[in-house]
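Heads up: the sequence lines are chains P and E, in that order.
Take the first sequence: its letter number 216 is residue 216 in our numbering, and every next letter is one higher.
Add 1000 to the 1-based position in the second sequence for our numbering, that's all there is to it.
If you're looking for bench data, these hints aren't it; they were derived computationally from the structure.
Please note that the accuracy of each hint is not assured.
Selected chain P positions facing chain E (in silico; Cβ < 10 Å) [as the list claims (entries may be wrong)]: (1) Phe-38; (2) Phe-39; (3) Ala-53; (4) Ala-54; (5) Glu-56; (6) Ser-60; (7) Ser-64; (8) Ile-137; (9) Pro-140; (10) Leu-192; (11) Phe-194; (12) Thr-195; (13) Leu-205; (14) Met-206.
Where chain P lies over chain E, by a calculated footprint (3+ residues, C-beta under 8 Å) [as the list claims (entries may be wrong)]: (15) 1037 to 1047; (16) 1225 to 1238.
Backbone N, C-alpha and C fix where the C-beta goes; we use that ideal spot for every residue, glycine too.
Below are the chains, spelled out letter by letter.
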Amino acid sequence: MDGESKRWAVAGRKAAAVGRIAFRHQLAYKTDFAMRGFFLLFILFVFIQLWSAAYEGDFSKSISGFTLKQIVWYLVFTEALTLAAPPLCSRIEEEVKNGDVAIRLIRPQSYAGYHFSVFASEALTRFVVHLAIGSAIAWPFVGPPSFGYGWLGLLALSAGALTVTFLLLMIVGLCAFWVEETSGLYFVLQKLQFTIGGMLLPIDLMPEWLQRVCAWLPFQAALYFPARMGVHFDSTLLVKQLAIQIGWIVLLGLAVSRMYRRGVKKLHVNGG
Amino acid sequence: MSTADKLMANARYVWTCWKVNLAAAMEYRLSFLLLAGMMFVNNAIWLFFWSLFFGRFPVVQGWELHDVMLLWAVSTGGFGWAAVLFGNFPRIAGIVATGHLDVYLSQPRPVLLSVLVSRSSVTAAGDFLFGIAVYLMVGDTSLRGMLLFALGLLISGMLFIAVMVVAGCSAFWIGNAEGMTQQLFNSFIALTTYPSDIFRGFVKLALFSLVPAGFISYLPIGLLRDFDPLFAVGAVTAACGLTLAGTLLFRRGLRRYASGNTIAMRS
């Protein structure tokens, strides 16, 4: 094994170790899980009522390619992905404010890499739990998620979707190196995901002009792609959407790397 | 001291608290404007979602975009004034459970009133302004329309406060009820921003009894669009009844309150 591959193997082992600790850490906060689970059940119940009223309870009606059953499962998938993301921005903001960032920076692991390990571990666990909770309410109301290879499409695009979400959150979080307070920016990002990211409404149901705008933004890769593929499997589209996700991951990854390198030079920590 | 004197003294106390809260918010003027502005934008984005939704489904159970806009006007406006003037109403469970009630018990004023007025939510100013802006955009601005909207705001704000006071009082009996009341608070707010007619059967019944969010979410129809005297009387009764129930429950709960001997300053 040459020096370079050895270095990558060590970095991988460190990332896996951090991920394992983050996973165990989550299991200690069962109440937190239960609270989020309750809110997911509640909000999905409200959505089911709303969309059932919009479709007048007609399961055969199809609007822009979506039946009532597909809409409800689409919302289960977008909600599971949205609630899967841990509060990364506030964590980075706190680290900068209270000086903990100094400890992070001297550890033998990249700053973004550390946060990605924690994020991936927490997000994947939460995603699986939220999918189970969401299924528990959607199934009795609209029937089982029998969408052919849909589950495969959902899982194939979810890893990329969560990575795009991580990078978007990281960009906002790293702004704390300059401005300290990032809640306002996070707030704007969250609302963009809710609307033009397709969390509340599939992009297919939006007006034509807005669909064209959404096509040029990264938000659809984080929620709409996996959720739509989950209820409407299309192998050709799957390849195209995977390519778009990879493109956004590279672009946003470069932005994160550049921001980090510039931001860390500006950072002044007293104490910590 | 006669009852009238007591009332006047309490009114002066409340007025002073409001002035101090406003002065504190104005100390960080830019932060105040940003936070209030963000809440305004937040609500506007929700209305953007509803405009997309009603673009696809113009009428849902008799509700149109105009009605949902008024629903947001009444709900955010009511929540706005309640949280600006009585900003501690969602935090009662936490205050009781952590023993921070001691600070208020030492003051020669009604404890519940003192707790409620001692904080002002900065972001809620954005909610209130949003409610007014939406009403001015799509509401009936005749004198009758304005009076009905003002009544709607009053009912909505009183219900927000009363429901959270009743829920917060549970901390006197079960201790740490902060998480539970926070969930109730979020759910209650969510329920007041969806048309009440999308719910049916037992859930709809619960919306007008157990979790009285229906008295807010039906206001755009039952009070503003097709004035229904029966609904209006029911909503006013629910708001006043729950306020009274909250006050009595708090007073009862206080008898069970065990001090944590917390040494704290009101900030």
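Each hint tested on the structure:
{"no.": "1", "hint": "Phe-38", "verdict": "holds (6 Å)"}
{"no.": "2", "hint": "Phe-39", "verdict": "holds (7 Å)"}
{"no.": "3", "hint": "Ala-53", "verdict": "holds (4 Å)"}
{"no.": "4", "hint": "Ala-54", "verdict": "holds (4 Å)"}
{"no.": "5", "hint": "Glu-56", "verdict": "holds (9 Å)"}
{"no.": "6", "hint": "Ser-60", "verdict": "violated (17 Å)"}
{"no.": "7", "hint": "Ser-64", "verdict": "holds (8 Å)"}
{"no.": "8", "hint": "Ile-137", "verdict": "violated (13 Å)"}
{"no.": "9", "hint": "Pro-140", "verdict": "violated (14 Å)"}
{"no.": "10", "hint": "Leu-192", "verdict": "holds (8 Å)"}
{"no.": "11", "hint": "Phe-194", "verdict": "holds (7 Å)"}
{"no.": "12", "hint": "Thr-195", "verdict": "holds (6 Å)"}
{"no.": "13", "hint": "Leu-205", "verdict": "holds (5 Å)"}
{"no.": "14", "hint": "Met-206", "verdict": "holds (6 Å)"}
{"no.": "15", "hint": "1037 to 1047", "verdict": "holds (count 4)"}
{"no.": "16", "hint": "1225 to 1238", "verdict": "violated (count 0)"}
Checked against the numbered hints given earlier, this structure breaks hints 6, 8, 9 and 16; the rest are met.
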